[in-house]
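Those sequence lines, one after another, are chains Z and A.
Going by this note's numbering, 62 is the number at position 62 of the first sequence; the sequence numbering is gapless.
Just add 219 to the spot in the second sequence (first one is 1) and you have this note's numbering.
All clues stand as given, with none of them false.
If you only want the chain A side, here are some residues facing chain Z, beta carbon under 10 Å, derived:
# : residue
1 : R276
2 : L281
3 : T298
4 : P304
5 : A305
6 : G309
7 : A318
8 : L319
9 : L320
Stretches of chain Z that chain A covers, calculated by requiring three or more beta carbons in the stretch to come under 8 Å of a beta carbon on chain A:
#  : segment
10 : 114 to 124
11 : 127 to 139
Simulated DEER-style distance windows between Cβ atoms:
#  : chain 1 : residue 1 : chain 2 : residue 2 : range
12 : A       : S241      : Z       : N54       : 24 to 34 Å
13 : A       : D341      : Z       : T202      : 47 to 57 Å
14 : A       : S283      : Z       : A108      : 17 to 27 Å
Since the hints were derived computationally from the structure, they do not count as laboratory data.
We put the beta carbon where it would ideally sit given N, CA and C, even for glycine.
One letter stands for each residue in the lines below.
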Amino acid sequence: MEGMDLEKIVEITLRTLWVCGCALLAALSIGIPIGIALGSRRFRGRSLAVSTVNAGMGAPPVVVGLGCYILFARSGLFGGMGFIYSLSGMIVAQTLIAVPLVIGITLAAVGSLDEEWSLQVRTLGIGRGWRLWLLVREIRMGLLAAVIAALGGILSEVGASQMVGGNLDGKTRVLTTAIMMKTSMGQWEQAAGLAAVLIGLTLLVAGLLTIIQQSGRAR
Amino acid sequence: MSDELSSGAALAAKNLRCQLGSGSNRFDLAVDSLELRAGEVLVILGPNGAGKSTLLRALAGLESTVAKDSVQRGRGPVTLVFQRPAALSGSAGFNVRAALLGKRVAERERRERVAGALARFDIAHLVDHNAKTLSGGELRRLALARAFVLQPEVLLLDEPFDDLDAEGQRRLSLDLEQAIAETSVAVAMVTHDLRRALLLADRIAVLMRGRLVQFGARDEVLQQPDSVEIARTVGMTNLATGTVRRTTDGTSWVEISEGFEIPTSASLTVGDSAWIGIRPEHLKLDIGRGDGQPIGKAVVKSMVSDGLATVVSLRIQEQTFTTHLLSGRGLARRLRPGDSVSLAVSPDQVHARAITPDA
Chain Z
1 MEGMDLEKIV EITLRTLWVC GCALLAALSI GIPIGIALGS RRFRGRSLAV
51 STVNAGMGAP PVVVGLGCYI LFARSGLFGG MGFIYSLSGM IVAQTLIAVP
101 LVIGITLAAV GSLDEEWSLQ VRTLGIGRGW RLWLLVREIR MGLLAAVIAA
151 LGGILSEVGA SQMVGGNLDG KTRVLTTAIM MKTSMGQWEQ AAGLAAVLIG
201 LTLLVAGLLT IIQQSGRAR
Chain A
220 MSDELSSGAA LAAKNLRCQL GSGSNRFDLA VDSLELRAGE VLVILGPNGA
270 GKSTLLRALA GLESTVAKDS VQRGRGPVTL VFQRPAALSG SAGFNVRAAL
320 LGKRVAERER RERVAGALAR FDIAHLVDHN AKTLSGGELR RLALARAFVL
370 QPEVLLLDEP FDDLDAEGQR RLSLDLEQAI AETSVAVAMV THDLRRALLL
420 ADRIAVLMRG RLVQFGARDE VLQQPDSVEI ARTVGMTNLA TGTVRRTTDG
470 TSWVEISEGF EIPTSASLTV GDSAWIGIRP EHLKLDIGRG DGQPIGKAVV
520 KSMVSDGLAT VVSLRIQEQT FTTHLLSGRG LARRLRPGDS VSLAVSPDQV
570 HARAITPDA
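Pulled out of the complex, with its shape left as it was, chain A reads as follows (with noise of 0.2 Å):
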């Protein structure tokens, strides 16, 4: 199979069919082509229902619907960590080590691999205890072991991080950065944490009611989605859909509302109805610094905090936008629900997209 896969490779779909379930709960997935290079790491988002968790058992082989030549591998091997990873019965250790049963590695070197996997995953010393009592980060970091230990050319990961708490997801994300930096494997991951996906993807997949609907370089697929849906599934949080009214120097101004125009420099024709979707940490709070250009009054509907990010919610018109600021910082610290600001942004970074009579 592995002279059909394009250098530079770890792993292409072509045609990839699969059904599950029948009758009412039918699913059909039917991926045409998608290619995973080796030593990139491709996020696959999509809302729940959309198809991901079996579009990563398809590529690892598992759904037995999927016709074998629809999946071309190369020599390497091919693994998948699941959402819920099982323990085998047994120590640690005899998890990471069972992933090497019946493969040629001189025991020695399999000693070495062993050990070498607990320790990247910071896990060494639980090498001795019952797998089955460790907690859900622990075997999360053991499920990954397990993966890593077999030196996989591509790793295929149903969400990694979930369930697991914010520091958690923390450490295990540079870990499993650092992993994949120093073993170049072709990782493709499910993940619902856009932020940790965010880190990590150099490409993104989206997948929708079972077909993929876009596929690119992360920044292309994050700024310019293709649809309002994938806006939103991209973190596009920000849309609203109005009429061109009017375009100078290469900006469109597309009127939202009656007096609520927002700039933008995607190519349009005057009279189009539009959708524009603007990144939250694109919409800019104006406080003079000539920020990018004034869009309008919005008033503060609320601001939430994790720590690290504020959200803030803002009403302008009948819309509600959001953005976020720097958590205990500037204008995190001073600004205060019902406060009334100016809205900003940079013409550049206003997606917009006619509305088609078919979209």
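For reference, chain Z alone in the conformation it holds in the complex (with noise of 0.2 Å):
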């Protein structure tokens, strides 16, 4: 790729990594409790939270970018906390695009177990640690699905980096925005290699986390 060298390729690749694992591992963190919350419990309200869930997982990523946007702005609610043109930013922003797919598939993933799972655990007098352990282990290939999932939609997103990252040079940059950002220069053949860069990232996540799923599955 003639004027973009491998060290800044790298450099981009690794940024995107970590942008994309610290908001994954947000996403997680936030939406694996709440879908299991939302797919064990039954609550006055829990429809209405159902299809708020439902309506996030097609949020349009631009949309998000925008709302971020509009927060993070200097002016911004949360202006004073210097995200906007940051990785913190970014990470928050696509930590809310990936949210409500994993609340949503794992609250599937709960909803796919036999109504009464939850109680004939309960009557072996197992402790609600245990409980909880023995739930996450019974829906783990929802739960890789929602990796999954989740994964594709930040690493692909472009909309919410470009508007709170700002595409800095050396500073928010990823794959995508950069992407983007050769294209518009009419830079065909670095935006061609570096979009190769992504979707063989994209491949290999994908394909190393269908391949744990496949074998869990298989046992």
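If you follow the hints, you should be able to join the two separate chains into one complex; please do so.
This is the structure:
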């Protein structure tokens, strides 16, 4: 890729992985407990909560980015936190994109269990912590699907990263924003090269997770 | 909670109230008093929707609307085996081991208990099999092994023989009987399989529309049901109503229809309206052995055999009665639909109650 050295590509790729990795971890930490709670408990307002999650699963990243931009901008509600044009801001935006996906898929995984599953485990006198461990173990394939979907969603999104990160060279530029910039500058070859890296990365991660998922299912 | 239990009791319910659903779907369970004694088998009978499974869940502490102090338990575990047991992902061995998660049991004892529980229900060879691929019968055995590994003080069983073929029911019933005898666990069991229930039961509780309508020793409930509805539930299928015409030497004669009278030892007054109930096994085909008192001639309507017993349906005047014969022997081989037979009963095996105006 003429005009873009390997060091730069590695730097952007590592930054992409860092941002996506942090956002994924945050989304899983928030989404899985909420998904389990929504899936296993009945309470007033649950239908509204589930509808909100379902709507959030289809939320366009650019809209999430715009919302974050308004909140993180100097004059915004969280303007003083320095999130705008920072990796932290990008991580928050990507987390917001991934959380509904994680909640929705976890919720579906819990819902696919036998209706009496949790009662049957409870009647064995197993403590709350171990019951949760058994539940997570039981829905692990669904959780892996949530990881794949969330990672796919944030690795490929460009709208939120562009709006919140600003595509600053050496600071907030990630693969998707770099591809968009190179395309707009007419540097097709470089854009295609970066796209190949992104696709390779996506295939690698998704492939790895799929292998884990399939081997788990075969057991 | 254990200090509230009377001696010899493993579990007790007092003023147990449970509410499910709302509006037109609301169901209320109200049991004023129920006690399960250590080492006994209590069978809970009742029609569909009577609240039998709900009662088991309430006793197991799984119903959130039940006040905690309405169920008193001992110190030992109380566990419930569901009608459709759920398998955890993993091997059969893991499923049984999982019951001991978080419990203070030494590894060696843990291994021994798991192996013992699997062996008790004849599934030791399935220890490494994926539990999700087990057959219905194997899964039921696995659920029982998972319950027994806890060394429960009280075991609650919801339809343990459901969906099993006759041979599967017979084998599981034997294994269960042995396990209960060896462990002295107190068992409360809900079942539709009256025959299996009667083999295991020490006491019987009858539940209807969420209320405990009769509770007592097995033979007392089977032979002296308090109402026609209960009689049907406990397998007293020969039911009729009539008027008491005469009493002689402690025997009352209830006229069912003109010329058709049934004698009973029950205490009745001449002129009473009464219902009578005769268990099928107590209705005799009089073959000249002087077996009870003759009550008239009946015509064989149909004969159905399950290989062990033949159920003979008989028409006598306007009534349809049934009796049981041992398949493949004597009368069961000779009788044919359309044959005419004499019926006889022993008055002390004819249950009868006067029909009160509010009954």
